[in-house]
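Chain B: place on chain A using the hints.
Going down the list, the sequences are from chains A and B.
In terms of this note's numbering, the first sequence opens at residue 1 and continues consecutively.
In terms of this note's numbering, the second sequence opens at residue 1 and continues consecutively.
Derived by calculation from the structure, the hints in this document are not laboratory data.
Do not take every clue at face value.
[As the list claims (entries may be wrong)] To be clear about the criterion: a stretch of chain A counts as covered by chain B if any three or more of its residues have a C-beta under 8 Å from a C-beta of chain B, and this derived list gives those stretches:
1) 92-106
2) 252-262
3) 395-402
All C-beta atoms, glycine included, are put in the ideal place defined by N, C-alpha and C.
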Amino acid sequence: MKKTMMIALLLMVAVTFGLYAGGAAETAAKPTTTLELWHIQVNETAKRPIENAVRRFEAANPGVKVNISVIEANPYKTKLKTVTGNDFPDVFHSWGGSWLESFVDAGMVADITEASKAWKDQVSESAFALNVYDGKVYGSPYMNSSTIMYYNKDLFKKYNLTPPKTYSELVQVAETFKKNGIIPFALANQAKWPGAQHFVLLSMRLGGPDIFKRAIDGEVKFTDEVFVKAGEMLQDMVKKGYFPEGVNGIDYNTGGSRVMFYAEQAAMIVQTSNMLSIVKTENPAFYQNKLGVMLYPSIEGGKGKATDLLAGENAFSVSAYAENKDIAAKLVGFLSTDLQLMEEYAKGGAIGASKFAPVPADDPLLRDAMAQIANATFIQNFIDQTLAPELANMHKDTVQALFGGTMTAVQAAQTMQKTADGLK
Amino acid sequence: MEKKRSASVHLTALLFILPAFLVYTLYTASSIFRTFQFSLHDWSGFGPVANSANIGFANYVKLFADERFLHAIKNNFLLVVVSIVFQLSTGMILALIINSKNRGTKFFRTIYPMPLLLSTVATGILWLLMFNPYTGLFNGLLRIISPDVRLSWLGSEQVVLFAVMFVICWQYSPQYMILLRAGMTNISAEVYEAAVIDGANKWQQFWKITFPLLSGTLKTSAVLSIVGSLKYFDLIWIMTGGGPNGYSELMATYMYRKAFTEDQMGYASSVASSMIVISLVVIIIVQFMLKQKDNQ
Chain A
1 MKKTMMIALL LMVAVTFGLY AGGAAETAAK PTTTLELWHI QVNETAKRPI
51 ENAVRRFEAA NPGVKVNISV IEANPYKTKL KTVTGNDFPD VFHSWGGSWL
101 ESFVDAGMVA DITEASKAWK DQVSESAFAL NVYDGKVYGS PYMNSSTIMY
151 YNKDLFKKYN LTPPKTYSEL VQVAETFKKN GIIPFALANQ AKWPGAQHFV
201 LLSMRLGGPD IFKRAIDGEV KFTDEVFVKA GEMLQDMVKK GYFPEGVNGI
251 DYNTGGSRVM FYAEQAAMIV QTSNMLSIVK TENPAFYQNK LGVMLYPSIE
301 GGKGKATDLL AGENAFSVSA YAENKDIAAK LVGFLSTDLQ LMEEYAKGGA
351 IGASKFAPVP ADDPLLRDAM AQIANATFIQ NFIDQTLAPE LANMHKDTVQ
401 ALFGGTMTAV QAAQTMQKTA DGLK
Chain B
1 MEKKRSASVH LTALLFILPA FLVYTLYTAS SIFRTFQFSL HDWSGFGPVA
51 NSANIGFANY VKLFADERFL HAIKNNFLLV VVSIVFQLST GMILALIINS
101 KNRGTKFFRT IYPMPLLLST VATGILWLLM FNPYTGLFNG LLRIISPDVR
151 LSWLGSEQVV LFAVMFVICW QYSPQYMILL RAGMTNISAE VYEAAVIDGA
201 NKWQQFWKIT FPLLSGTLKT SAVLSIVGSL KYFDLIWIMT GGGPNGYSEL
251 MATYMYRKAF TEDQMGYASS VASSMIVISL VVIIIVQFML KQKDNQ
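The shape of chain A in the complex, shown without the other chains (with noise of 0.2 Å):
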């Protein structure tokens, strides 16, 4: 009797870790190669293309398999940051930057220099920058995004207003709308970055394109008169009403800005291009006959251009620990350059990252869209991309707080720069 209870005991301790061994045991021989494909583009515009692109890249490599996993942004960001070796995707997306630096200087991401020479020019210049550090290239731009003034053409048009070229326009504009009753900005401002953008333009306005540039490599300093004048702007703007009260608790995931924008309570919206996707499945009629864009105005005796763009990329590399690195690569390369997949975007409203990306007769805010990319002055990879981890937060926070009110621009401007002392 005792000897059985001894042996049941046991096999209870041998069950219980016999589960625990498990999940281990399961990897099965592998035929071909088997891709892991991360990526973050939940909307369906940008996700059926991918997968179909993916679909068309096995049928034309044989013994090859991808398997593909699609994770919000936020969620995702945590889950690469704590899968490692083996669990790590072998082609994974990212947005460059300094986002990807974290993972290049870790050693977890492939040099795909030479690999890239195969279809590097046929892809937009810019966004593939943002891959490249030391000369080595780690990624390829898949999908454009850049940051676009939207507005309401109908808006406009019942008070004869023309879309403003110069802030001096602007206030013009702004202040009629006022005067009916309309905000002249949409903006939901919980998450920090969507507000941020009016300060990052406003600083590239008026101290020239590479002013975040100069900060970063030091030669100007965050407490710059050119940080403490767009901070002085933006929080006039808010003192005169340009804005939504109370932007900061209206949240951009759950439509915040949008409806206000929708229902014409607002006239225009900042925001990036991945909005044209959202406005076209959430309000298709009002991407049809009232949206329109238009480039962030310049700012009188400023030294940047209305056509200087603050935009970014979605891009994918190849994992340093993928066993196929050639034939990862080569996934990476089909989808920066594939037509099929450029022309599925399209249609969706995203941008693709080719420069033969078709551009869409019938759809005229994308080809405005992506008529801006084509014809910037100048490119700023967005700043919570740019800036060290550390300091981005503090670039959001601050200007979450010029936004509230309960931070001067002098203050915002002295705490980014100690923030930015402290990471020396």
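Just chain B now, kept in the frame of chain A:
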């Protein structure tokens, strides 16, 4: 013979404990120890920790001069106090309602625990929409009184913490209702009958019978509430992300921010280790105080 038997009983007991003990050591105790180890390194979270510099207690020195973190501790303790006061009292009132023999209590017994059953993410987004300054429910109601209200519940540094704490209390009060109700059903009906015969009214019955006999449950609830508040994370992260400008930051959200958005895994580990120490100290003090009370 007797001795031999007791030895084998011990062995059996040991074997029963062993699996759980091993899992606990592997997944909890060793993780705490590792976290402490990580906190002594200047580690970004990329690559093996052994490759990063061991900087001793430098992270802790930085941490206790970090205004953001000190503010987070303050917020955590405020949450502890608010949680104990409001969650336990609301839980008690709700428990009394569903424990009463009035008609319709069955209905309340079904709907009161609902906040607890909703997923936290859904709860967070729901309240996020209700707090929206333009389209939200709360400002909508306030506008009945004064048509120009544009209160930014989650965007104002003064209001944000109270707005989120209100939601946290809303979510967790039913948990204490369930615990306290369970405690109430354990109190024998005879005690109340005797009290009624002695002429005690409902109010006296509550303070002289229900409340003292629930003291055990209340203590457990208080400890649960304190621990829960000290390590609180989810609703804050969903609704405000610790903002605006760090005004609703808690220790756990600060840890997450440092670890996963700022690539400072070593520093984040020192936040985590401090959380463990702070929680332990608080719990020891509370337990000690509760024991003292028992001895009196």
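Each hint tested on the structure:
Interface restraint, the segment 92-106 of chain A with chain B: holds (4 residues with C-beta to C-beta distance below 8 Å; minimum three). A stretch counts as covered by a chain when three or more of its residues have a beta carbon under 8 Å from one of that chain; for the segment 252-262 of chain A and chain B the count is 4, and the coverage holds. By the rule of at least three residues with a Cβ nearer than 8 Å to a Cβ of chain B, the coverage given for the segment 395-402 of chain A holds, with 4 such residues.
No hint from the list above goes unmet by this structure.
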